[in-house]
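K.L.:
Chains as they are written, first to last, in this note's numbering: chain A, 75 to 724; chain B, 75 to 724.
Hint data in this document are derived by calculation from the structure and do not stem from the laboratory. Accuracy of the hints is not assured; some may be wrong.
Some but not every residue of chain B turned toward chain A, in silico, with C-beta under 10 angstroms [said to hold, decoys possible]:
1) Gly221
2) Ala237
3) Ile257
4) Gln262
5) Ser291
6) Arg301
7) Cys353
8) Thr374
9) Cys457
10) Ser522
11) Gly537
12) Leu551
13) Leu660
14) Val666
15) Ala670
16) Ala671
In silico lysine-lysine, DSBU-like type, Cα no more than 35 angstroms apart, as pairs [what the hints assert, rightly or not]:
17) A/Lys195 to A/Lys280
18) A/Lys187 to B/Lys504
19) B/Lys504 to A/Lys195
20) B/Lys411 to B/Lys195
21) B/Lys625 to A/Lys504
22) B/Lys195 to A/Lys504
Every value quoted in this text rests on a predicted model; they were computed, and no experiment measured them. Ideal Cβ placement from N, Cα and C applies to all residues, glycine included.
What follows is each chain in one-letter form.
2 protein chains.
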Amino acid sequence: MGEKDFSDRTLAADAALSFVPLPVFERVRHMPGDPLARAAVLADLCRLNTLYMIMRAGSGHIGSSFSSTDIITWLWTETLTATNSRAAGSDVYFSSKGHDAPALYALLIALGKLDFDLLHKLRQIDGLPGHPDVSTPFIATNTGSLGMGISKAYGMARANRFAGRTGRIVVMTGDGELQEGQIWESLQPVANERLAEITVVVDHNKLQSDSAVAAVSDLGPIEDKFRAFGWEVRRGDGHDFAAIRDAFAHFATVTDRPQVFIADTIKGKGVSFMEGLACGDQTYHFHAGAPSLENYLAATGELLSRVNTRLEALGQPPVELDRGPLPVRTSPKAPEKLVLAYGDELLAMARTRPEIVVMDADLLSDCGIEAFREALPERFIECGIAEQHMVSAAGGLALGGMIPVVHSFACFLSTRANEHIYNNATERRKIIYTATLAGAVPGGPGHSHQSVRDISAIGAVPGLVAFEPCSEREARLAIRWALEANDASTYLRFVNVPLDLPYRVPDDYTLEVGRGVALREGADVAIVGYGPVLLTGAWQAADLLAADGIKATVIDLPWLNRIDDAWVRDVLGAFPLVVTLDNHYLEFGQGVMVAAAMARAGVHADVAQVGLTDIPACGANADVLAHHGLDGPSIARTVLGRVRQPATPK
Amino acid sequence: MGEKDFSDRTLAADAALSFVPLPVFERVRHMPGDPLARAAVLADLCRLNTLYMIMRAGSGHIGSSFSSTDIITWLWTETLTATNSRAAGSDVYFSSKGHDAPALYALLIALGKLDFDLLHKLRQIDGLPGHPDVSTPFIATNTGSLGMGISKAYGMARANRFAGRTGRIVVMTGDGELQEGQIWESLQPVANERLAEITVVVDHNKLQSDSAVAAVSDLGPIEDKFRAFGWEVRRGDGHDFAAIRDAFAHFATVTDRPQVFIADTIKGKGVSFMEGLACGDQTYHFHAGAPSLENYLAATGELLSRVNTRLEALGQPPVELDRGPLPVRTSPKAPEKLVLAYGDELLAMARTRPEIVVMDADLLSDCGIEAFREALPERFIECGIAEQHMVSAAGGLALGGMIPVVHSFACFLSTRANEHIYNNATERRKIIYTATLAGAVPGGPGHSHQSVRDISAIGAVPGLVAFEPCSEREARLAIRWALEANDASTYLRFVNVPLDLPYRVPDDYTLEVGRGVALREGADVAIVGYGPVLLTGAWQAADLLAADGIKATVIDLPWLNRIDDAWVRDVLGAFPLVVTLDNHYLEFGQGVMVAAAMARAGVHADVAQVGLTDIPACGANADVLAHHGLDGPSIARTVLGRVRQPATPK
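Extracted from the complex, chain A is given alone in its bound form (with noise of 0.2 angstroms):
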């Protein structure tokens, strides 16, 4: 799940990258001979293509798209037919882990089933999302969740079979993801329904995000446990071909119960650095996110090489390489993070009270935690990936005198232990729930990971408080107050890109429940956010305004479920013009919030909110923010059309 790279890019003038043209795929698929010395080729020309395409997305996850490779290769070629078309009969094939998509997709263009431009696009708006979606052709459902891949296709199956229709269903999870619960509350329907034509392949590449499956939570004995839940199992290499093919023969003759291949695969396969765990490391490199340039060259060469060895030994010509651009990252200055800044705060606290536990759910160094489990590992418990559980089990170590803190990217603590955040909230013990990468940016992963509507799934829980810093120093503000301040529970809410920030909160400022402060000061309209990214556009919005003779105010008010009416009144209520912007969705959003607290309080400022109002864009970070109207000059356009026209309801 561990999304790195969240720089925005320009293209370099020089091409550095290089990619398979489509010809040279189709002169392989139509080799003659030995399917699976064609397989082997195929597959390391696609891994050549998934690397060009990350490399020039800045992001995606190597890993897992180089262990899954072969047999996606091998399936899509060799064993389904039809597959993800609307023919009668055809088969069925998708990822429920989802970021090996790249793979995926470099294949449905080797295959001629997505346009080739596409290879240029990943993670660009209009382009292929990060995680897969059904917007694009031949993907058959959104993933990017872990552990709904299993359920998804007990619907499918059951469509299928309403309408009369024939095919295979094929369903790839991670090893890590059968740590969800999801995975096994699926598996006893899907084998009560004697559902055999459901097909589970296991990507067992033995590591999750950066570390391995059997430190963070291990599996145990994997084929017991499925057939103890009704699947036949099958297990074996899934870089050998051979055995691929020798498992799918096998289950074509499983008629009674749905069947599930354990593929023994390695992390990284193809490129020899990338392989799995280096000797005498703890930590897997290329989980996430680009490799720098040096590698990729070094991998490019040696998949390169490796294929034209084989096309060699088959007697055919070799492969030569197109030459795309390098894209160039912008990176900011100076920028402020405030996860790590918020993770060494809490760590120093710690440090000094030894009720402080934090926990983690295979998100370690996305939530700035790595410095706690390495100076405190006693106090650190590593989840795995089980939201549910892990927010169960913090409310039991609230129950035992502890103060947990607990810790997850916003899209899946907010949603995934919704429940189990409400149950806690009833026994009123203390707990701190860290949500990190919220908002609309970065836009690379996709709706799975951009977290827009987190403030309204948590801001009814009752005593929570929800709270997003703008700034590094906020942020300490932040766990301070939580820990210190706060009797109750707090959600705490952080946006992961780095950003320069153009503003600083006051020196003298404190936190008041319900209550913001001014950034910068001007008499004819109050901008209202929250977080980095929205006060940054804010703030620029401020400097657009300034050249046309506007003078706004820009307001920091972090508390994103309790607003003083109070503070409303005596602050909002000297604007002629108040702008909320939410990077949420407009729908209990903050924005609303403030727009209500305005009403109870009689402050009669005309009132426009921004926000999300549909599944957020996947693309780069400029492109995201502007195409939802949250960057400066999308602001600055919004307040220029009230001043000159102020609303009227349509």
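Starting from the structure of chain A, add chain B where the hints point.
P.N.:
Only chain B this time, still in chain A's reference frame:
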């Protein structure tokens, strides 16, 4: 989970109920001789009081209480030490299923751990909540939401180890509860960390809600499953005290892994006609709700007779029961049953639309779809207690061309499957989510079942329109609108309390997104709400206000997350005061959406907002509504306060 009795009650003058007084328990507990014989008497005495409590309350779960009574009686009196006290080395016991709370309460009262007077106060405000809550002495954790117990035990065990405390932690689960994925999500970490202090007891009574577990979603070989997850397994008769004793004696020798006792039990054990399914019957009749007086008296007679026979054999004098008042339930005269009307309309449409498929998570009768299953069984999918699986499977069905209509209680559907509803929404297929038991009443089950944050939880799912009907007619319009007029997905929110409605929607009423309809008119105040509970309260308030010369308009606004700003301007703009009502938390209910729309639309009326601000109270419906300011008199008082003294924010 089923909750069937929603009516309020008064007490009759004559005493027809009977209960075991405290001195009897004190005598039996100190009876010399065979502890097995003593436990048998004690358990049946507890069953007598469990029955009394449920009759007095008018609702509660007999079957599940009785199947677990023998186990908890033995554990609390013979096996565990200082259970749930704060003493050093004390053991912990709690039930993860939670709806067997009456049995545990009866036992705690028998042991003198709870004030005896609480026997008369099940499901009353300031009494014993319908599901366990830590505000009650000797209750270790809040349950009622299934599947969380083992995770909570994990947290408690870790907290004990942090603090250097010892003590066993015993968790009771249901067998239907094993369908929840979180159970399996939690088993592995407990085994991996070798938390041998944790023991799970599965109350394997083979029945869930109204049906056989094997018919709903068969569990397969339970012992193999637990073993594959690394647990020490014993299976035995959960009504044989020696078997319970021996299992726990064995578990005390296991030091390297957690243990599970699969207790073969009988739902309703102890009363012949309540034990399991009657011959030829597929429905169990004593899951939830009070029995008839006739059944109550017969059950009490049978239990008392057995107790006294056993006492006589032990050379002990017989037990005499004390008498208690029989509550008289005041039933509505011609109540509207919205859920049944909905189910009827859905069935009528499904007969001509073969793409409609109905899904359920073990709450068939509470969701109005019994008739559907009867009439169109081939298009009915029972998923068991597996909300995540159900919703993701609905996604698969929708991708396959079906229109799934998905059912559960609002508290579970909106939260347990929260991420799954969002994932489906991103595929832009059409799914209908029907969420029943919404709102603060019935107040008996307690906060795990009182769904007062679901509007918030799902309100920002893109494209998902949330709607709550206020009458049978509007319920029929709603499902027809969702199926015929709405291209996207719909969340239908239903109150389950049958009420005599003082209003009716106009004969020419049609649904228009975001726009309400006046049920009665008056110029002084607009009271805006949704659903039968709020609008009945608003109507009663309007009657009370009329006596004070204040004329109120009552507006039914069934759209929960879509408000038409122009309608707000045109309609609400005419009033000096607008009062919004929420059968939901104030934060992120409909009220803030209405108030925000007023601010955007330039409507400058005074605004008052009524809704919940804390965890909902557990008790009789009228008491709960009054407690939260949502009954007629409370609403009238709110209006009067504003009319006489317009608000200024504090």
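K.L.:
Give a verdict on every hint.
P.N.:
Hint by hint, here is what the structure shows:
1. Checking B/Gly221 against chain A: minimum C-beta separation of about 8 angstroms stays under 10 angstroms; hint holds.
2. Using the Cβ-Cβ criterion of 10 angstroms, the hint placing B/Ala237 at the interface with chain A is satisfied: the shortest such distance is roughly 6 angstroms.
3. Annotation: B/Ile257 was flagged as interfacial toward chain A, and the flag holds, the nearest CB pair being 7 angstroms apart, inside 10 angstroms.
4. Satisfaction of the interface hint for B/Gln262 is found here, the shortest Cβ-Cβ separation to chain A being roughly 6 angstroms, below the 10 angstroms cut-off.
5. Against a cut-off of 10 angstroms between C-beta atoms, the interface hint on B/Ser291 holds, since the closest Cβ of chain A lies about 6 angstroms away.
6. A distance limit of 10 angstroms between C-beta atoms decides the matter here; for B/Arg301 the minimum to chain A is near 8 angstroms, and the interface restraint holds.
7. At a threshold of 10 angstroms, the smallest CB-CB gap from B/Cys353 to chain A is about 25 angstroms, leaving the interface hint violated.
8. The interface hint given for B/Thr374 is broken, as the beta carbon of that residue sits about 34 angstroms from the closest beta carbon of chain A, more than 10 angstroms.
9. For B/Cys457, the interface hint holds, the least distance from its beta-carbon to any beta-carbon of chain A being 7 angstroms, beneath 10 angstroms.
10. The interface hint given for B/Ser522 holds, since its Cβ lies 7 angstroms from the closest Cβ of chain A, which is under the 10 angstroms cut-off.
11. Using the Cβ-Cβ criterion of 10 angstroms, the hint placing B/Gly537 at the interface with chain A is satisfied: the shortest such distance is roughly 8 angstroms.
12. The beta carbon of B/Leu551 is not positioned within 10 angstroms of any beta carbon in chain A (closest approach about 23 angstroms), and the interface hint is therefore violated.
13. Taking 10 angstroms as the C-beta cut-off, the interface hint given for B/Leu660 holds, the closest approach to chain A being about 8 angstroms.
14. With 10 angstroms as the threshold, the beta carbon of B/Val666 comes within range of chain A, its nearest partner Cβ sitting at about 4 angstroms, so the hint holds.
15. At a threshold of 10 angstroms, the smallest CB-CB gap from B/Ala670 to chain A is about 4 angstroms, leaving the interface hint in force.
16. This hint holds: B/Ala671 has a C-beta 8 angstroms from the nearest C-beta of chain A, less than the 10 angstroms allowed.
17. Restraint check for A/Lys195 and A/Lys280: satisfied, since their Cα atoms lie roughly 30 angstroms apart, inside the 35 angstroms limit.
18. Distance restraint check for A/Lys187 and B/Lys504: the Cα-Cα separation of roughly 27 angstroms lies within the 35 angstroms cut-off, and the hinted pair is therefore satisfied.
19. Distance restraint check for B/Lys504 and A/Lys195: the Cα-Cα separation of roughly 29 angstroms lies within the 35 angstroms cut-off, and the hinted pair is therefore satisfied.
20. Annotation: proposed proximity of B/Lys411 to B/Lys195 holds, straight-line Cα distance about 28 angstroms (limit 35 angstroms).
21. This hinted pair does not check out: B/Lys625 and A/Lys504 have alpha carbons roughly 46 angstroms apart, beyond 35 angstroms.
22. As the CA atoms of B/Lys195 and A/Lys504 are separated by approximately 29 angstroms, the hinted pair is consistent with the 35 angstroms bound.
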